[in-house]
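Student: Let the sequences and hints guide you as you build the complete structure.
Chains A and B, in that order, give the protein sequences. In this text, residue positions in the first sequence follow the working numbering: the first is 11, and each later residue adds one. In this text, residue positions in the second sequence follow the working numbering: the first is 140, and each later residue adds one.
Each statement offered as a hint is correct.
A few chain B residues facing chain A, derived, Cβ under 8 Å: (1) Leu153; (2) Pro155; (3) Gln156; (4) Ala159; (5) Leu204; (6) Asn207; (7) Val209; (8) Ile210.
Here are the simulated BS3-like pairs of lysine-lysine, each with C-alpha atoms no more than 25 Å apart in a straight line: (9) B:Lys179 - B:Lys149; (10) A:Lys119 - B:Lys179; (11) A:Lys80 - A:Lys51; (12) A:Lys80 - A:Lys12; (13) A:Lys37 - A:Lys51; (14) A:Lys37 - A:Lys12; (15) A:Lys119 - B:Lys158; (16) A:Lys119 - B:Lys149; (17) B:Lys141 - B:Lys179.
These aren't lab readings, by the way, just hints derived from the structure by calculation. Cβ coordinates follow ideal geometry from the N, Cα and C atoms, glycine included.
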Amino acid sequence: MKAAVVIFPGSNRDVDVIDALTAVSGKEPLLIWHRNTELPKADLIVLPGGFSYGDYLRSGAMAARSPILKEVTVRAQAGVAVLGICNGFQILTEAGLLPGVLMANRDLKFVCRNIHLKVERTDTVFTERYAEGQVIRVPVAHHDGNYFSDSETLTRIEGEGQVAFRYCTPEGHLDDSVNPNGSINGIAGVYNENRNVLGLMPHPEDHIDESQSCADGRPLFESLVESLA
Amino acid sequence: MKARVHITLKSGVLDPQGKAVHNALTSLGFDGVDDVRQGKYLELDLVESDAEQARAAVEAMCTRLLANTVIEDYQIELEDG
Numbered sequence: 011m012k013a014a015v016v017i018f019p020g021s022n023r024d025v026d027v028i029d030a031l032t033a034v035s036g037k038e039p040l041l042i043w044h045r046n047t048e049l050p051k052a053d054l055i056v057l058p059g060g061f062s063y064g065d066y067l068r069s070g071a072m073a074a075r076s077p078i079l080k081e082v083t084v085r086a087q088a089g090v091a092v093l094g095i096c097n098g099f100q101i102l103t104e105a106g107l108l109p110g111v112l113m114a115n116r117d118l119k120f121v122c123r124n125i126h127l128k129v130e131r132t133d134t135v136f137t138e139r140y141a142e143g144q145v146i147r148v149p150v151a152h153h154d155g156n157y158f159s160d161s162e163t164l165t166r167i168e169g170e171g172q173v174a175f176r177y178c179t180p181e182g183h184l185d186d187s188v189n190p191n192g193s194i195n196g197i198a199g200v201y202n203e204n205r206n207v208l209g210l211m212p213h214p215e216d217h218i219d220e221s222q223s224c225a226d227g228r229p230l231f232e233s234l235v236e237s238l239a
Numbered sequence: 140m141k142a143r144v145h146i147t148l149k150s151g152v153l154d155p156q157g158k159a160v161h162n163a164l165t166s167l168g169f170d171g172v173d174d175v176r177q178g179k180y181l182e183l184d185l186v187e188s189d190a191e192q193a194r195a196a197v198e199a200m201c202t203r204l205l206a207n208t209v210i211e212d213y214q215i216e217l218e219d220g
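Tutor: Listed below in structure tokens is the structure:
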């Protein structure tokens, strides 16, 4: 699997995801500066976490209008796998590649801790190495992770199975008390219609090795390596 | 020509910042406030002098960048000079 990581001014989780991709795939990803207009051939495009453009105007708004996003959009529409983590998720919604929007957390606090997620489906290139309904533990670190969409869109994405992950209790129950940011329906990650684009607020790239106390994020990268090799 | 753009959250969209400001106002004794909604304000100096053209251009700016129309509404005011 050949991966490309797009770097924006203000990206700060790029090294985390580069390390995760290198560790799991055995190959270092290509690094693409956001002002590039061309993107080498890649099986996976990653938009990493961070605070691109200092979150000016809205989180992800400026990065979504970066030159490279035109090419990312073309590739996404052609079926190339695209993964947006945290700020990358915000950028994908701002670019219109994923439905909905990420607003400020409902309590206006930056949330930085481990949370539990329920894997909603395992028939995608991102999740096939997980078990149906599996609960995984991964960290979140964000201020604007409150997923929202209008009710029509919400009905559509729920009906089409576009929800990828939901915040849950360690036992896998959906409960507002473990929703770290107020996301509607506890949504932590969503797919596009074709399920080749995934955005999620938590950081699976930070839980890929037991030395990080937990390796629950590793199967996501293993799924990609297996599907896209 | 000058354009003033007000961007506000759509009604029904949770506005925790507006709520916090409302609570602070109440704690200062300003209890005559029913609700507070926080928004953004931008001033654009435009080269265009034709009002109709200017409005169309600013509309396009709002839908493509300045506002996220999933959650935000925008209002455009134009002023000569």
